[in-house]
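Dock chain B against chain A, hints included.
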Amino acid sequence: MRTDHSGTRQSTKTPGTGEVHCRQGRLPFESVAHDTSGRRQPAFRGEQRSETATVAVFVLLAIVAACGLAASVGAAARRTGAEEASRSFRQLAAVVAGSVVAPLLTPQLVGGSAAAEARLDLAVDRLEATAPVVAVAVRDDEGDVVWSDDPSATAAPLQPAQRTALMDRTLVLTSPDGAARDELSASVGVQATGGTPLLVEVTGRTDDLAATGARSAWTSFAPLALGALLLLQLAQLPFLWRLARRVRQHARTEAALRKAALAATGLERRRIASEVHDDVLPGLHALIYELDAQRLARVQRDGDAALFDRVAEGLRSGIRRLRALLLDLSEQRVPEQGLEAALARAADRMAATGVEVSVQAADLDRLPGPVAEVLYRCAQESLRNVAAHSGAERVDIAVAVDAAEATMTVDDDGRGFEGSRLAEKRAAGHLGLQALGDLVADQGGSLTASSSPGQGTRIVARVPLDDVRVDMGVQR
Amino acid sequence: MIRVLVVDDHEVVRRGLAALLGATGDLECVGTVPDGDQVLAEVDRSAADVVMLDLSMPGRDGVSVIRALRRAGRPVGVLVLTSFQEPERVLEAMQAGADGYLLKDARGERILDGVRAVAAGGAPIDPSVARFLLTDLRQHAGLDGLTDREREVLELVRQGLPNKSIARRLQITERTVKAHVTNILLRLGVSDRTQAALLAERHLHPAGVSGG
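Quick note, the sequences are listed as chains A and B, same order.
Each position in the first sequence, counted from 1, maps to that position plus 5 in the working numbering.
Each position in the second sequence, counted from 1, maps to that position plus 1 in the working numbering.
Next up, chain A with everything else stripped away, as it sits in the complex (with noise of 0.2 Å):
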């Protein structure tokens, strides 16, 4: 190639100008320039969320456990005075059975002396005046009323609990036919000054005394740790803001990064298509004129014609092979022209070879970009390979998206090979099937190739969607 080649050629095209001609037309460089810049690019589909709606969406979760919290701890206290009210009342009742009753609870009494029970009387009464105590009864082993501060008592069979507690001289809480819910009953069992077994049956209010208990722990406690919760939560507004908006950056400068990186490789290939095409491609071109233009003069004087030819053929094959290099460089990139077309060209490149490629596939065009990239090239290096290897005359490749993941899959009627020679090819450093399943994996996804000796070739590419939509009911 002559070295003034490349300064002829700046005088012609005007720099900067960024248009390649090559195989698909003008390929502008400038929205390629514009793209790596990254800036204000959305991510690739399924915009994160704003960091208001993170931050709502943690206030909201947190203010929802805090009041599960309250509540929970809520009930606790109550249970906790609830506790507390009964063992009060039991102590209660003892003293009300042990210390006020039983000792009236004389000979005189038992055997309905009036005055005996006037005074009984009199200790009850001042007894309900101070004490939260509503009822008192006593009953003997028959279950027979001896003494009530009610009038309509009347005679029931004791309960087992309230036998043993008669027995024992213990005491058993019990819940009186009929009581109000924020009453508590307890039997005791005390001996008459006679030495009579006898039941003193007390009754109480619980409000008096479990909801004072309860309530006072509740009241108390509820603001204190909900106010801390509610402080700790808005303390940590700014910091949980600071972290979302960290986040999302993150993901944005991500994906920018990527696009700039898809980007980048293919501004790449544009250029060295670009060299190849516009430098080395008219150079080669040139000389063979140049040899034919030798040759044709010489044809009939000498034998330099035959070596002439050799040398030209060899530059034209060499220019056949550099063009088809140059196809692949200069492919616009996937996501830029859809898989399905794509797909639709590789196909008919291939069908110009005398292989016939039939494509299944639609509604491809909410594939995200990556998705379709990586399919493409399997695709792509499906396709080299069959061309290459396997002596096919038909290929069918169908894509299938469903809301999970994207399949394709490459059917070839070629001669196929044994699992084991892919392995020893793999071992040998063929590794384009290889670097293939890497590509796949690292979307998530994985390629499996399955064959055997004359049955053909199936390649399957499976790659999740992940959390990236594909509006499937859309049509074009």
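Don't read these hints as lab results, they were simulated from the structure.
Just so you know, even glycine gets a beta-carbon here, dropped at the ideal spot from N, CA and C.
Keep in mind that a hint or two might mislead.
Derived CB-CB ranges, DEER-like [stated by the list, open to error]:
| hint | chain 1 | residue 1 | chain 2 | residue 2 | range |
| --- | --- | --- | --- | --- | --- |
| 1 | A | 311 | B | 39 | 37 to 43 Å |
| 2 | A | 399 | B | 88 | 18 to 24 Å |
| 3 | B | 131 | A | 259 | 49 to 55 Å |
Same frame as chain A, now just chain B:
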């Protein structure tokens, strides 16, 4: 002597082609032009019989040069010599009025014979390129041969509708649709509906504008 004007944006190529022409006794390079803008004036100045024209050039590109030459009514033969092999570019150039279309990879003799053929009123076309023309011709004939109903079906296939939807849309049975599609594929010489859809897109909706 056949007078030939060489148009290419690469100097080495212009020089090589001039040398190639110079190696013959019947062809004469009467000038070389580096870009499309100067072609018309240079044709007039040199009274060329044949223009060897590259398609991709800075400024005015090959196709619009051909159009300009034809519009100006110059009786010059145009032999496109390019590396473009895409059906669209070939069709575009031929429709603009090129007389021949050869690829730069061709042997010297082939290129020179092409120039002679154009000068003699022939149309030398590279076989791989001729294939596109033939396919295009057949597809046009195939499209022209479709019945109105088949055209309707093809249009819906182009829109990406499955047979069931097409049947509902046209109020015919799915089996009838299937028969129509089979017939359409046969007429257009394609193997599946995706290809039929692409073809319809290309011929019936060029550049997205309907009606063509």
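So, going through the hints one by one against the coordinates:
1. A/311 with B/39: 37 to 43 Å: 39 Å, holds
2. A/399 with B/88: 18 to 24 Å: 22 Å Cβ-Cβ, so the 18 to 24 Å window holds.
3. B/131 with A/259: 49 to 55 Å: 51 Å, holds
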